[in-house]
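Engineer: Chains as they are written, first to last, in the numbering used here: chain A, 1 to 292; chain B, 293 to 475.
It should be emphasised that the hints constitute simulated quantities derived from the structure, not laboratory data.
Hints are not guaranteed to be accurate.
[What the hints assert, rightly or not] Listed next, the stretches of chain A that the computed footprint assigns to chain B, with coverage defined by at least 3 CB atoms under 8 angstroms from CB atoms of chain B:
1. 17-24
2. 30-39
3. 49-56
[What the hints assert, rightly or not] Computed Cβ-Cβ distance ranges for the label pairs, DEER-style:
4. A:A23 x B:A370: 45 to 55 angstroms
5. B:A442 x A:D239: 28 to 38 angstroms
6. B:A370 x A:I147: 51 to 61 angstroms
7. B:T374 x A:E84: 30 to 40 angstroms
8. B:G345 x A:E87: 22 to 32 angstroms
9. A:I147 x B:T374: 50 to 60 angstroms
10. B:P444 x A:P157: 45 to 55 angstroms
11. B:E307 x A:H269: 48 to 58 angstroms
[Said to hold, decoys possible] Chain A is nowhere near these chain B residues, computed Cβ spacing over 10 angstroms in every case:
12. A302
13. D332
14. Q346
15. R364
16. D412
17. Q418
18. A419
19. A441
Note that the structure is predicted; figures quoted are calculated from it, not measured.
Where is the CB? At the ideal position from N, CA and C, for every residue including glycine.
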Amino acid sequence: MQIPAPFDYVRATTVENALELLARYGPDSRVVAGGHSLLPMMKLRLSRPEWLIDINDLYELDFILRDGNKLRVGALTRHTTLLESEEVAGLFPIVRDAERVIADPVVRNRGTIGGSLCQADPAEDLSTVCGVLGAEAVIRGPGGERILSMSEFHRGPYETAVGHDELLCELRFGIRPRSGSAYEKVERRVGDWAVGAAGAAVTLAADGTVDDAAVGLTALGLDHPLAGAAAVLRGRHPDEELFAEAGRLAAEACDPVADQRGPVDYKRHLADELTQRVLRRACARAAQMQEG
Amino acid sequence: MQISMTVNGADVTSEIEPRVLLVHYIREVLGLTGTHWGCDTSNCGTCVVLMDGQPVKSCTVLAAMAAGHDIRTVEGLASGGTLDPVQQGFMEEHGLQCGFCTPGMMLTARALLDKNPHPDDAEIRQAISGQICRCTGYATIVRSVQWAAAHPAGSGLADTAAADTDTAVPDVAAETEDTEVKA
Chain A
1 MQIPAPFDYV
11 RATTVENALE
21 LLARYGPDSR
31 VVAGGHSLLP
41 MMKLRLSRPE
51 WLIDINDLYE
61 LDFILRDGNK
71 LRVGALTRHT
81 TLLESEEVAG
91 LFPIVRDAER
101 VIADPVVRNR
111 GTIGGSLCQA
121 DPAEDLSTVC
131 GVLGAEAVIR
141 GPGGERILSM
151 SEFHRGPYET
161 AVGHDELLCE
171 LRFGIRPRSG
181 SAYEKVERRV
191 GDWAVGAAGA
201 AVTLAADGTV
211 DDAAVGLTAL
221 GLDHPLAGAA
231 AVLRGRHPDE
241 ELFAEAGRLA
251 AEACDPVADQ
261 RGPVDYKRHL
271 ADELTQRVLR
281 RACARAAQMQ
291 EG
Chain B
293 MQISMTVNGA
303 DVTSEIEPRV
313 LLVHYIREVL
323 GLTGTHWGCD
333 TSNCGTCVVL
343 MDGQPVKSCT
353 VLAAMAAGHD
363 IRTVEGLASG
373 GTLDPVQQGF
383 MEEHGLQCGF
393 CTPGMMLTAR
403 ALLDKNPHPD
413 DAEIRQAISG
423 QICRCTGYAT
433 IVRSVQWAAA
443 HPAGSGLADT
453 AAADTDTAVP
463 DVAAETEDTE
473 VKA
């Protein structure tokens, strides 16, 4: 029987209250939301907080809100809510692509976008999604609010810029016309970690050429969106030759490790092939948005 | 710490350690052993219960986190001696063999039908894709859920079908190869 080591439990009532509790209990406290990463780690003693601060009652952090040219998503928004949101799917189809293959439907009822990003597992899909979409992370702490880009927020495997006395409260996504995005994952079975995955976001210029683009990889040894992808893609017409070139770039830039999910050359092949697929789909979606 | 919640419509209050998981609270403190405890790692789904109507894996929810919420277990499916159509469907269509995964499967099915009364087979397979059956495979479970969808509670169809044994015999010739959700 796997049971966490003893801890004290407290339920936060508001964001302010959660920040007070974090300040009071210090680095030995941990915030729990969906709990589907933290509780398994606590069972295995990979995490042993003295205090668990439950933020599931912070309904103020559970929202999806269009605000001018930004979409604001509360950190406590569940995966199921993101998956089912037509507004999110319309603006950022990559989110629905990814949410379909995150864990399984029952786990998605509990897991949150904030928890996923703060866990920062290398095989975690939403870090890649938020990275290619150029999301901003809104963090609150004793010193007030700060807004970080994903490259500042995500520091690497299991490490983010969120301090022990801070709380990730919101993600903001810029809405741009003529934009499309896509995500594709290869996994051994439902609910398993990715063997590899890729995400892409593309904005087209009025003449149909690529105006801006980002490509990211999951579980393939690339912490941040592919450097240089935009430089290669910008100003060119999206076609098979271009997708193949981007695929080669991704395969060269990635740094996968061999494990029970596959050898390095297979994973490198995935980086290439999946990059081509998501770019093809993202460009098609962007063109569709242009027509619509 | 003291926690209170509603379980199958009844208010319960208990003194527990914060580290007690919901599955163990339900089984050991409340004595409702219909909820099964399986993999401990939120993979197998036999511990699924409904929390405010949504399926959750109770091995990965603390009892303390469930405080104040409405919990429904397999014991809460039947009402007044009448089986839920999902339970009847598992009987009619041979939805179980050893029965270990069955409580979780049935609760997920109940939640699916509450949200989507007429799911297609792919939607049922998607809904149960986080749950593992190692006996029957999934074809009969999908058929069981379809049976429940075709015989909703209060429609009178469930009673008629239960009395008519012919409908309880699976049409073997019509069975297709089971393409399993799980590897």
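Engineer: Each hint: holds or not?
Structural biologist: Hint check:
With 0 residues carrying a beta carbon less than 8 angstroms from a beta carbon of chain B, the segment 17-24 of chain A misses the three-residue requirement, and the given coverage is violated. A stretch counts as covered by a chain when three or more of its residues have a beta carbon under 8 angstroms from one of that chain; for the segment 30-39 of chain A and chain B the count is 4, and the coverage holds. Look at the segment 49-56 of chain A against chain B: 3 of its residues bring a Cβ nearer than 8 angstroms to a Cβ of that chain, three or more, so the hint holds. Between A:A23 and B:A370, the C-beta spacing of about 49 angstroms keeps the proposed range 45 to 55 angstroms intact.
For the pair B:A442 and A:D239, the supplied restraint of 28 to 38 angstroms is violated, since their beta-carbon distance comes to about 50 angstroms. One distance hint, 51 to 61 angstroms for the beta-carbon pair B:A370 and A:I147, holds here, with the actual separation near 52 angstroms. Taking 30 to 40 angstroms as the suggested C-beta distance range, the pair B:T374 and A:E84 conforms, at roughly 32 angstroms. Range check, B:G345 to A:E87: Cβ separation about 23 angstroms, and the 22 to 32 angstroms hint holds.
The hint said 50 to 60 angstroms for the Cβ distance between A:I147 and B:T374, and at roughly 56 angstroms that hint holds. Separation of B:P444 from A:P157 is about 48 angstroms and conforms to the stated range, judged on CB atoms against 45 to 55 angstroms. Distance hint check: the CB atoms of B:E307 and A:H269 are about 56 angstroms apart, consistent with the given range 48 to 58 angstroms. At the 10 angstroms boundary, the C-beta of B:A302 stays outside the reach of chain A, the nearest C-beta of that chain being 23 angstroms off.
Not every beta carbon of chain A lies more than 10 angstroms from that of B:D332, the smallest distance being close to 4 angstroms; the non-interface claim is violated. Not every C-beta of chain A lies more than 10 angstroms from that of B:Q346, the closest at about 5 angstroms, which undercuts listing it as non-interface. Non-interface call for B:R364 relative to chain A: holds, since the shortest CB-CB distance, roughly 14 angstroms, exceeds 10 angstroms. Separation of B:D412 from chain A is adequate, the least Cβ-Cβ distance of about 15 angstroms exceeding the 10 angstroms criterion.
Not every C-beta of chain A lies more than 10 angstroms from that of B:Q418, the closest at about 7 angstroms, which undercuts listing it as non-interface. Look at B:A419: its CB is around 6 angstroms from the nearest CB on chain A, not clear of 10 angstroms, so calling it non-interface is violated. Annotated as non-interface, B:A441 keeps its C-beta farther than 10 angstroms from every C-beta of chain A; the closest such distance is 17 angstroms.
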